[in-house]
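**Student:** The listed protein sequences derive, respectively, from chains A and B. Per the working numbering, the very first residue in the first sequence carries number 15; after that it's consecutive. Per the working numbering, the very first residue in the second sequence carries number 15; after that it's consecutive.
Quick caveat, the hints were computed from the structure, so don't treat them as lab data. There could be a bad hint or two in this list.
A pair holds if it fits inside one copy or across any two, identical chains being indistinguishable in the list.
To be verified - Simulated pairs of lysine to any residue, SDA-like, Cα-Cα distance not exceeding 20 Å:
id, residue 1, residue 2
1, 67, 30
2, 67, 54
3, 67, 161
4, 17, 76
5, 17, 223
Everything numeric in this text was worked out from a predicted model, so none of it was measured.
There are 2 protein chains.
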Amino acid sequence: MAKQARSQITREALLRSAGLVFSEQGYAATTLSDIVAAAGVTQGSLYFHFESKHALASELIVRQHANARATMEAVPADGRGIDTIVLLSATIAGQIADDPIVRGGMRLSTESPRDFPEVATRPYEDWVTACHAVLARAVAEGDIAPGRDVAAMARFVMSAFTGVQVVSQALTQWDDLFPRLREMWGFMLPDMLVESRRTEIPRILAIIPDRA
Amino acid sequence: MAKQARSQITREALLRSAGLVFSEQGYAATTLSDIVAAAGVTQGSLYFHFESKHALASELIVRQHANARATMEAVPADGRGIDTIVLLSATIAGQIADDPIVRGGMRLSTESPRDFPEVATRPYEDWVTACHAVLARAVAEGDIAPGRDVAAMARFVMSAFTGVQVVSQALTQWDDLFPRLREMWGFMLPDMLVESRRTEIPRILAIIPDRA
Numbered sequence: 015m016a017k018q019a020r021s022q023i024t025r026e027a028l029l030r031s032a033g034l035v036f037s038e039q040g041y042a043a044t045t046l047s048d049i050v051a052a053a054g055v056t057q058g059s060l061y062f063h064f065e066s067k068h069a070l071a072s073e074l075i076v077r078q079h080a081n082a083r084a085t086m087e088a089v090p091a092d093g094r095g096i097d098t099i100v101l102l103s104a105t106i107a108g109q110i111a112d113d114p115i116v117r118g119g120m121r122l123s124t125e126s127p128r129d130f131p132e133v134a135t136r137p138y139e140d141w142v143t144a145c146h147a148v149l150a151r152a153v154a155e156g157d158i159a160p161g162r163d164v165a166a167m168a169r170f171v172m173s174a175f176t177g178v179q180v181v182s183q184a185l186t187q188w189d190d191l192f193p194r195l196r197e198m199w200g201f202m203l204p205d206m207l208v209e210s211r212r213t214e215i216p217r218i219l220a221i222i223p224d225r226a
Numbered sequence: 015m016a017k018q019a020r021s022q023i024t025r026e027a028l029l030r031s032a033g034l035v036f037s038e039q040g041y042a043a044t045t046l047s048d049i050v051a052a053a054g055v056t057q058g059s060l061y062f063h064f065e066s067k068h069a070l071a072s073e074l075i076v077r078q079h080a081n082a083r084a085t086m087e088a089v090p091a092d093g094r095g096i097d098t099i100v101l102l103s104a105t106i107a108g109q110i111a112d113d114p115i116v117r118g119g120m121r122l123s124t125e126s127p128r129d130f131p132e133v134a135t136r137p138y139e140d141w142v143t144a145c146h147a148v149l150a151r152a153v154a155e156g157d158i159a160p161g162r163d164v165a166a167m168a169r170f171v172m173s174a175f176t177g178v179q180v181v182s183q184a185l186t187q188w189d190d191l192f193p194r195l196r197e198m199w200g201f202m203l204p205d206m207l208v209e210s211r212r213t214e215i216p217r218i219l220a221i222i223p224d225r226a
């Protein structure tokens, strides 16, 4: 195997291990020795790839944000807006459950936004923009009343998801994220939808996989 | 002035300065020198009161939690439940706006719950318990339908407030917390209340002071 390919594999393994360690311990309590031990590499190997704990954490946040942007862009443009926004939230929840890089990046960006100013506010702003576009589609499709303040609704959807995710992490290390997410939409959809579409709520909630 | 009283004043000044510095910079980026500089005391004076950054941060979290408990207990028992839960959220928002110890404790406990395991999950659990009791009163008073899952609603109220607070901190260092809080209740009250009480939403929203 080419040296470069091996180096790339080590780098990915380091990022995944760092993601898990940061997601469990937080930024302040994590040492580079913890990450070296979890990754099963040498300290020298870690320093070859990342010059500091801050550099490693920044890379995780950047990767998680890139991942979130890819998720926003990969969303099917032909689905109904209201289905799409629920699907988006479930997709992110699935990534938190399964992807160490997302777990680490998510914890780091919610716990220490001002330690990473280059990536602190963009993810929130991008999510609000993405939610706004999808909710505007839902208005055009007659699921949300035309008079609603969709910009405010987008901000609230993003904030509520953030809160559900932060609390689920604090209390259960995200073990109860899926049931809490279903609960969240159960409380929000009745107000979001026009009355004639509320019969669809059980169908929409079923978009969220029955995990954990 | 007695030596003990002066010592107590210095300790409070240190906590207030530390609260502001932690709330602006986060735990990881804050050094004891930053706090010494902000408080205008000597390094020796800081070490006389707190043995480490972790000890200072723990004290802030403990104080903020004690403050939150006092807030829950001070809530008038004679107000309507639905008014009370909105008032509680506005009271906490006011403390975040005005009290450096609450600002610091709030940021530290949402950013690093697992760095402070002794105080990590209790505040969330206490808030859910307090919200649950107040919402149960709202059911008894006919504002919330008896069939609603009030335990889940309490969890969601607490999570949504957490998200609004975390996002407001990340994007504006809490400058927009009051308008965002009013928005949150504007989205949540229509689903929470029975139909015949929804005409009261403007009155209930007016409980939140018109700040910032």
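**Student:** Now look at each hint and say whether the structure bears it out.
**Tutor:** For each hint, the structure was consulted:
1. 67 to 30: within (14 Å within a copy, 29 Å between copies)
2. 67 to 54: within (17 Å within a copy, 31 Å between copies)
3. 67 to 161: neither (48 Å within a copy, 51 Å between copies)
4. 17 to 76: This pair counts as neither: shortest intra-copy Cα distance 25 Å, inter-copy 52 Å.
5. 17 to 223: Result: close neither inside a copy nor across copies, 41 Å intra and 63 Å inter.
In the structure shown, a violation is registered for the earlier hints numbered 3, 4 and 5, in ascending order.
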